[in-house]
Amino acid sequence: MLEELKKIREEALKKLETVESEEDLSELNVSVLGRNGALTNILRAMSKLAPDERAALGKAANEVKQSLSAVFDEAKTSLEEKSEEQKIKAETLDVTLPGVIEIPAGRLNPLTIVYRQIRDALIGLGFTTFEGPEIEYDDYNFTKLNLPLNHPARDMQDTFYVNDRVLLRTHTSPCEARALMTLKPPFRVVIPGRCFRVDEPDASHSPIFMQMEGLVVDKNLTFADLKGTIDTFVKAVFGENVKSRLRPSYFPFTEPSAEVDISCTICGGKGCSSCKGTGWMEIMGCGMTNPHEIENCGLDPKEWKAFAFGVGVDRVACLKYGISDIRLIYEGDARFLRQL
Amino acid sequence: MKLPLKWLKDYVDFNISNKEFATRMLLRGFEVADIIPEVKASGVYVCTIDSISQHPDAERLSVCSVDIGRRDENGEKQPITIVTNAKNIYEGCQVPVALDGAVLADGMLIKPTKMRGVLSEGMFCGGAEIGIGDVEYEGAGGDSVLILEEKHTNGEPIETALGLDDVIFDIELTPNRTDCQSIIGICREAASALGQTLKEPEIKSITGEGDASDYAKVTVENPKLCPRYLARVVTDLKIEPSPKWMQLRLKLAGIRPINNIVDITNFVLLEYGHPMHAFDLACIKDGHIVVRNAKENEIVTTLDGKEREMSPDMLLIADPEKGVGVAGVMGGLNSEITENTKVTLFESAVFLPENIRHTTRKLHHSTDSSARFTKGVEAVNAQKAIDRAIELVEMLGAGKVVGGLIDVCERQPEARTASANIERVNAILNTAFTGEDMCALLASINIPSRVDGGELVIDVPHYRTDIESGLETDADIAEEIGRLYGYDNIAPTLMNGETFHGKLGASFAFDDRIKDQLVAMGFMELYNYNFTSPQEYDQLLIPIGDEKRRTVRIRNPFGEDQSLMRTTLIGGLLRTARTNLNKKSGHTRFFEIGNVHFDNDPDLPEERRRIGLVMFASSDDFYIMKGVVEQLFKFVGAEGLRFERGGGEYLHPGQKALILIDGESVGEMGAVHPKVKRAFDISAPCFIAEIDFNKFFAHIKTDRKFKPLPKFPTVPRDLALVIDENTEAQSVIDVIAATKTDALIEGVRVFDVFYPNVPGEKGIPEGKKSMAVRFELRSDEHTLNDEEINRSVNAILKALKYKLDAVLRS
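Heads up: the sequence lines are chains A and Z, in that order.
One point on numbering: in my numbering, the residue at position 240 of the first sequence is 240, and numbering is uninterrupted.
One point on numbering: in my numbering, the residue at position 423 of the second sequence is 763, and numbering is uninterrupted.
Bound conformation, chain Z alone (with noise of 0.2 Å):
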């Protein structure tokens, strides 16, 4: 909402400064966004052109001496030096000047300039470089410098020496204020701001002669959808440009003056909120306006030149032939005020505001006038506003009013009341205000109400729509006498009431833990985008039919490439490898915890939450990105961690594993696929695990328990075995620790592997291995002895050999 100073002064006496009705509005809930000035060049200034030579080195330039005002001491006139090619300017006139700083209307920033060896101090200015037109100023519409008409001082800023010295409060309004999307509606809280009492103008209702209803007649068809439908008449029409002032205020509100009767409904758009429409009455068939649903594919080409198809669920101006407007959003071509109009109907009207919404979206076109139907307009407004409308209409002599007004209206709008609790208001905001008080602030922004028994009775304006009748009501009134008192006067409290106990919940501080440990070993947090493309789920070499491509699809998304809400992370933990090799980052590990989503449930989509890891050092390999997963695991609980040679086709065939806990998969990890890498350019070794995060958390134990510390000696064992060379190491453990002896067998793991460079070296045959493992054996009852050490081991051998065709390297 562009609320220019001048306007707002016509309704309230300002006597603060601009930036301090800036904070005041701020504090009453309105935020101005800007303080825009009228013009919006500055350093420009007035100055006489004392006299003008010829430019010694070039024909086109004159060189002028010239008095900005500048005097020494003894009161000598100080005149600078102006180069110019302008032509219109001669010895004694006066024009504006910018000087050393200047900032143009176009930004351009003025600086003394060598022109062709004659050192220029400024620049003459025209209109176009000032930001003004004829509207401003006459004549400032030309190219050519301007020729100030009226005597000015001598260095005077520009905009005060031509009174457009104006300053517009762009003012940001929440949606629940429609009534102040109007400058009397912002001026009646800018006058309760300031301490003021609003000077609202009077209407003066002009009755004419004659009826409308000889001239026109109103018909609606679809009364849900337009309410209220009000019309007047004016004949005689003397179309013309509308005088200076009103230009200049619709140009400060950014809308361009077209002709009186335009601008006239514009002008009423802007003062009372209200958008308004005018008809060449000789283009309406019978005079007679339909409003009703568009049929399919019906055209309208609207004032812009555009054509627009409509469709049924759009409301439609028509006449008995023909639409004559896209209803609440633009007036048709066919029947725009033009100079040789001569009869007028004003339309006033209520639209549904969720229908104008849903006709400018299927249209793609929204106006000053749809903004306003859209946000709410009402009833009563409906009609100040065109009575304002005509008032105007004889004030500025534009033609003669026709009596009578056409209303064509379900229901006439009705005084309403609200009735809000005193105690109940009071508790809301922990205040003590009485009932009295309460009328008080409101009064200050014309809310009249009186005190009944424990009850605040409000008459509810017509304009505020916001405030409800019904459970609303206390809040509603909470709200407008906090902030009338000020939020600031509230002192803050400490929230009383029974003691609450503060708590992380289970997998919050489980998703802690990950990323610490995570960033202990030296991996960044990542926050990637949950959108991506369906080509990435071809990159990643996802079978069709896989779980991974029953992705969740967005309706409206910014393109196809991010249509989709990602199944896993991996796609993003592949493209930030790929960034932060490209950018040389010279970090290698990332990992991101975040959401999947799965499109397998008809009611809301599946998400899971997903623990991703990446890294991609030259030096990194299929072994330390499993004791990264190891140590994580160790490092949060889980016992029961094994893996299985498995998972997704996007890991190399031979370097891919499945992570079980107690036998359950809750991840896989493995090199990147060479497919995969060159899919997404990596040339660096890359390896990745994805792991459930909540798979993972049902598997830790939260409930962990002391074991007593062995009382008797451990005895290690080495065990050095010749093994088909296929055989992998977890089953040599597996076939170890099922072994049944008389000790404990604990910590069973493989230490060294070695196949031989040639069949037969250290003795080991073809097609052969040897494997290290290392285990200890312990007793719970004493200490093991020799014989048992021996029995215990012997069983194993036995086992390994029967089991694995495993035998001790001799």
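Chain A extracted, bound-state conformation (with noise of 0.2 Å):
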């Protein structure tokens, strides 16, 4: 029987050669070891044999069927580890096809993206998010803000009417007043919204635009003071390398009043057509706010100083991404809120 075994381990060794498949490989273990194997049947014939023959053949057929195991076990891995390679061959694709998302990209709006650069960039600087209406009173617009009725300065903004007493606010300065008449002294506050003139639509200009406004109150600003937070908050928004510059200019609310200028963001300052050569861009209005408003909003101005400026966030998005035409911000086509 010894012969025997030593023949089934030698046949069983030889078929597995010839495997090549894990249900081969699988057949060749049931019928060596398997229920009825030819291994299994010797084992079993072993109780009719003497104990000592027994125990003997018993050792060897156990030695047998240990290593045949370990053998078929051996080539199993090996076999599964090699379909796993065909099936990731398989699944090979082509990487530069396009990508599937059932969820199509949506888009912020190019203004709230310009607007949140801008609010962080103040709020960084000590600035509390306020906000007010965008009808409003015509006293809150204009004639607290030193713009009595008959000012020749409202003839600088046209403004929609409602009524003799309420129209569209033509710029966020009203809540200046708001917040002057609201807020207890010192405070900082950045004011975002839309405003309202009456400009016919064309490339660069929109009946309805979004400015914001900042102010800031406390006992002892100065104009320099206003200079370094304008600087600050260009260099934020548009970029280290950017300068900006303040020259004289008139608000009635605010004196002295300046104009601000940022270098070119399309020529860096040397002067191209987007800055007619010049190499600078005017982008807000800013001022140390004038004494009046600041007594008719009911602070002493002798006690409070405040400065304010006012940034049109159109304006901004427009230079910011080479918008050239303002109209599209509003105009809510996809082709063009997709690339920005």
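Hints are not guaranteed to be accurate.
Stated by the list, open to error - Simulated pairs of lysine to aspartate or glutamate, EDC-like, Cα-Cα distance not exceeding 20 Å:
| id | chain 1 | residue 1 | chain 2 | residue 2 |
| --- | --- | --- | --- | --- |
| 1 | Z | 843 | A | 158 |
| 2 | A | 87 | A | 24 |
| 3 | Z | 924 | A | 102 |
| 4 | A | 276 | Z | 374 |
| 5 | A | 270 | Z | 360 |
| 6 | Z | 843 | A | 218 |
| 7 | Z | 1102 | Z | 1058 |
| 8 | Z | 702 | A | 158 |
| 9 | Z | 646 | Z | 676 |
| 10 | A | 235 | Z | 828 |
| 11 | A | 276 | Z | 360 |
| 12 | Z | 359 | A | 282 |
| 13 | A | 219 | Z | 763 |
| 14 | A | 235 | A | 158 |
| 15 | Z | 923 | A | 218 |
| 16 | Z | 625 | Z | 551 |
| 17 | Z | 1138 | Z | 1116 |
| 18 | Z | 1035 | A | 131 |
| 19 | A | 302 | Z | 808 |
It is worth saying that the hints were derived from the structure and are not from the lab.
If you're wondering where the values come from, they're calculated on a predicted model, not measured in any experiment.
With the hints as a guide, dock the two chains, each given alone in a separate frame, to form the complex.
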């Protein structure tokens, strides 16, 4: 029977060499080690043998069984690896084909992106958000801001009226009056919002636009502080390399007043067609709050100083993204929105 | 304000480039918007026509050999060929020629062109092509080629050859600097910017013989609207064209020369910024000027020949019988200066700016004069102007000046001082000027001042009406000092004072979260206009009397279709859908967060913020939109979200729902009603949601606390129910969730609904449907045993049977 054992082993090993699949292997395994397998049959037949003969043969049979088991296991692992390799190979994709996603890509409007940048820069400087209504009292929009009825500077801002007392705010500045009247100084606020002016829409005008106002009220504010604040703000929004410059201007609600220019974002200040060769681009107005406004809003201008600035979010968006027609911002055409 | 460089040079030594001048003015608050050359054409040169021969193939054309001053290295002439149809040219004459690349006054670009086979290298020009007329150069007004009178160098640019090489600085003025709407005023600033002294002309006072009051009389009935009225009389007029130099100046500033007397008033308007008028005194009844309010419907025909219907709120210049001019706007045709005028009355008056503004608006007519009056003129300058006009009359020999100034003035203008605190001015600017430093800076723009202790006392020039004597003085002087010193020279600092903590307000943060979540769900953000049309509310099927009809109306809209402030975002969303469908933009999800306004407060309209969503992909349906809404609410942490059938008329009656949180309706959603879709020309499936931002925000739990995780396992259970086909899922969920059992019931949801195609299919009788629900059972105290689970499920089934007649599917 020992001979037979040897033969079983040899035949099994020989057959193993021809095994190509896990099924073949499993079949081989069953034919040798299975319930009716060759080896099992020998073990079963052993019961008829003498005890000493049985022990010797049993030992030999077990050795064969164990060694074959080990060999089969090894073969199995290798076959599994091979088949996984094949499977992986079969799964190879053209990774340059387009991606598939069920949800199309959404986009924030450029106004929101720019608004957040400006706002966050100012929050970093200690400003807090504040807001007021889009439909306002003439009193807050003009009179309290040192623009009494018939003030020639009212002509600077063509106004949509609801009635003699109520209008669509022409700037976010009426919120300055609201802040001065309701907040306890000192404070720093940033005020975003929609504004309205009677401007026929064209590439650079929109009757509806978004403005952001900054207002700081404190005891010892100076024009130099205003310059420092503007410069920090400009660098945060446009980049470290962008310079800012203040030049004299006029707004009824500020004195001294200034217009803020930044070094041209297109040419970097060398002069190009976008900046009309000057190297500078106008982005906003600012100034030390007029003492009349401070007084009109119930604070003592001898005690409290303030400065303010107002920036057109649309204008900044157009500059930052090179948008040549402001109307695109409001048209809601996905072909425009998805570019930003 | 148009400032010709040559005029500037009369008063200031100009020693820098035009561009540098523009920059310096800009840094003082005067933006030079444009530098315009006097001659519009460029690339036009002087040439001599050496020979003229007949064109071989065209009878009407001549071929000319032309010397444009070009020489080769041996000094040989390099003539060019010009083909022309001009008839007035002759050999040896000098004419202007536009060469390759020239741009003519009308914008036409010149290129070498073959004319009937002969190459012409340019074009001879007449005055019109260069953009000049007889005023600039005698003969330039004709149609033919301009034959130059004097001898010029060939090849010289035409503008320098003719002495027309001036430039005009177009300067933008801020409304506070009314004094700079004059050549003198702007030159005063220019002189300072150039570091020069203004050579201010002294006006020679002309007394004249006789007395104006023998010829004329002025009565001002409403001195409030006309604080000062000055008049002088000139007799023996010789009406003729004004001299060339005066005409040229007027033309450069954009004013058409008329005759010597009218030109004088316009010249003074430019020079001193004060509008004047000249009447033919013979046409003024009794020589009596009456300044009064117009009568209702009183008609005045103005110089432009138009009839102006006046009203009592407008000021009229009249004689005892009739109107002779609209005050501050335009003179009357009936008293205009003609070639026959012998005696004139010059008017130099001050009118109230707001009244003139009112008049120009009401008449829809503004002029150079009214523009200055509305910005504000002042009484001292009014006298300077009339004195200057009289001086010019004498200078031009236009007539005989009569002595005596008629001055109707309530209160003679007085000198004014203002006092600024030196320390406070420095505190505003963060500078350390001494009082003397400040005096020196102010002196550069001719403002006299002196130090008096800690104060700077300023003799405010009459024309600087923008400098206040009072609360604003410190700030006004700080601005002048800062401006003259240069804003650039003030070093920026960082604010000090107490520490501020910047804060993003809660509603602003909420706005961010909603927007970010919607973008993550594939929505693009809109900023639609707030304006809408009355028709849109009909298109949206909004019933008469509905709150959405309580719109705020704009009094002066662009047009009826933009006359209302929106009360809903829906119209804009639908228009966006249509635009993107029509343009095949390839995107179908959009949202907006914007304000709407309701006219239900007599004070300020009520403002509410809305979140609007629109989806219109062909694969979209009600449940996709509902999923978006649910996801949005979950993301920002709203609990107790429910949907109930309901919503506006613009929605599909069978597919609309109110969105509720804790029982309060915060918005609505659904499919757009087919009629509305038709009205908006949308054929794709279209779904809308509109949510009230503030109501939504009010339900957000900002103080959410952690709950311990369940200690004992949960047991999921599915039930397949047979139920009336009209019973909605929510009622099943509510019944299950409300059942009192030993176990906690959580996460009740419907996961399948089946309507039989034929009665009895899958054992479902007619009028019924099958609904599969799932929920979890658990306990906080122990692991549930089978008995407890069965008891709970049975209690649920009992409640379902009792309340909804629902049974388990067998």
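Hints and how they fare:
1. 843/Z x 158/A: Given that 20 Å is the threshold and the Cα spacing comes to 34 Å, the pair is violated.
2. 87/A x 24/A: Roughly 19 Å separates the two Cα atoms, so the pair holds.
3. 924/Z x 102/A: 19 Å, holds
4. 276/A x 374/Z: Given that 20 Å is the threshold and the Cα spacing comes to 10 Å, the pair holds.
5. 270/A x 360/Z: The hint holds at about 15 Å.
6. 843/Z x 218/A: Holds. Residue 843/Z to residue 218/A sits at ~18 Å (cutoff 20 Å).
7. 1102/Z x 1058/Z: The hint holds at about 18 Å.
8. 702/Z x 158/A: Roughly 16 Å separates the two Cα atoms, so the pair holds.
9. 646/Z x 676/Z: 14 Å, holds
10. 235/A x 828/Z: 17 Å, holds
11. 276/A x 360/Z: Since the Cα atoms of residue 276/A and residue 360/Z sit roughly 14 Å apart, the hinted pair holds (cutoff 20 Å).
12. 359/Z x 282/A: Roughly 18 Å between the alpha carbons, so the hint for residue 359/Z and residue 282/A holds.
13. 219/A x 763/Z: 15 Å, holds
14. 235/A x 158/A: It is violated: about 32 Å lies between the C-alpha atoms, which goes past 20 Å.
15. 923/Z x 218/A: Given pair residue 923/Z, residue 218/A is violated - Cα atoms ~52 Å apart, limit 20 Å.
16. 625/Z x 551/Z: Holds: residue 625/Z and residue 551/Z sit about 18 Å apart, inside 20 Å.
17. 1138/Z x 1116/Z: Holds, at about 18 Å.
18. 1035/Z x 131/A: Holds: residue 1035/Z and residue 131/A sit about 18 Å apart, inside 20 Å.
19. 302/A x 808/Z: Since the Cα atoms of residue 302/A and residue 808/Z sit roughly 16 Å apart, the hinted pair holds (cutoff 20 Å).
Hint violations for this structure: numbers 1, 14, 15, all remaining hints satisfied.
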